[in-house]
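Undergrad: Sequence:
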Amino acid sequence: MFNAEDFIESKKTIVNNHNSNYLTLHIALGFDNNYALPAGVTISSVIKNTPNYNLHFHLFVDKVSKSNIDKFKQLANDKIAITLYTINSNFIINPKTLVLHITTISTCIRFIIPDILFSITDRIIYLDSDTICLQSLEKLERYSIENYIAGVIPDSLDMQKEIKAMYKINAEKYFNAGVLLINTKRWCEEKISQKAFDLINSGKIYKYADQDVLNILLENKTLLLPIKFNTKIKIAIDAHQEKEIRPYTVILHYISQNKPWFKVYQSEIFNRYLTLSPWKENDLPLSGNSSSIRNYSKYLIHKGKFISSMYYYILYLKYKFYLNK
Numbered sequence: 001m002f003n004a005e006d007f008i009e010s011k012k013t014i015v016n017n018h019n020s021n022y023l024t025l026h027i028a029l030g031f032d033n034n035y036a037l038p039a040g041v042t043i044s045s046v047i048k049n050t051p052n053y054n055l056h057f058h059l060f061v062d063k064v065s066k067s068n069i070d071k072f073k074q075l076a077n078d079k080i081a082i083t084l085y086t087i088n089s090n091f092i093i094n095p096k097t098l099v100l101h102i103t104t105i106s107t108c109i110r111f112i113i114p115d116i117l118f119s120i121t122d123r124i125i126y127l128d129s130d131t132i133c134l135q136s137l138e139k140l141e142r143y144s145i146e147n148y149i150a151g152v153i154p155d156s157l158d159m160q161k162e163i164k165a166m167y168k169i170n171a172e173k174y175f176n177a178g179v180l181l182i183n184t185k186r187w188c189e190e191k192i193s194q195k196a197f198d199l200i201n202s203g204k205i206y207k208y209a210d211q212d213v214l215n216i217l218l219e220n221k222t223l224l225l226p227i228k229f230n231t232k233i234k235i236a237i238d239a240h241q242e243k244e245i246r247p248y249t250v251i252l253h254y255i256s257q258n259k260p261w262f263k264v265y266q267s268e269i270f271n272r273y274l275t276l277s278p279w280k281e282n283d284l285p286l287s288g289n290s291s292s293i294r295n296y297s298k299y300l301i302h303k304g305k306f307i308s309s310m311y312y313y314i315l316y317l318k319y320k321f322y323l324n325k
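Numbering of the sequence shown is given in UniProt numbering, commencing with residue 1 and proceeding in unit increments.
The calculated label-pair distances, taken between Cβ atoms and stated as ranges, are:
hint : residue 1 : residue 2 : range
1    : Leu284    : Asp78     : 28 to 34 Å
2    : Ser10     : Leu317    : 41 to 47 Å
3    : Asn201    : Tyr248    : 36 to 42 Å
4    : Lys191    : Lys243    : 40 to 46 Å
5    : His18     : Lys191    : 28 to 34 Å
6    : Lys66     : Ser202    : 33 to 39 Å
These are computed hints drawn from the structure, not numbers from a lab.
Beta carbons are placed, not taken as given, at the ideal position from N, Cα and C, and that holds for glycine.
Use the sequences and the hints to build the structure in full.
TA: Written as structure tokens, this is what we have:
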């Protein structure tokens, strides 16, 4: 008998403030310690731009340090609640399905969140930890999903074309799983969590892991929402792509390995919300790969910073030939 609670080692509410004059939004994220800082920035952006609600953040975490947990506590105000759900060693996913080398916690935690939160709320907003909220989540919350398992945002045309050749599903409705508005009642009634674990551990390889599994299971059971709720962006070193996003964008989603919390990426948007967060004094990691360090060195040359450029080029060579072995 499937029981999502079997995957939870402990549950602890670390912030518990509520203002009776406001409605409550329930928002869930899942991450490990490597993603604690960006998750904190995501949460900071939600708090900044959704002031007229109580916000209850449900954080499903894997080996997050005490220092990071202490920082999450610093996010408190009179309308903020934060509950930690620590994942245990029972949370096992067939590693052959994780072909993109994404950690289990970040790819598959969505599977159990609706089951765990069903007794608390009938709808939750799930956010990946590489998203930034630019406007109030009220615009997402107002959608009615009573007749659907989830409200979702369609993926790009290129992705849908790729999926069409891989699976026998309606690829035009293939969605990106980084932002979900979930009807917990319908999800649990149709046993989506159990079915998802069965599929992803079946031995079959799913190129996009949990995202493919959810699209297969939720086919014709989702409400398609506007792209403004999950605007995907791939940034270069100078992050010029941020200047091209539409003013109506509610949630910005940084896809690919080029994440804005790496020091080499000059993301004005991420840095704006980092400054508002308890992580503002943290040293950011340099890069996720050697090629971005090389590109940063080239960027510094164009800026006339030749000594700095040489320094980062030496770092690139060290990273490529020594540290990356």
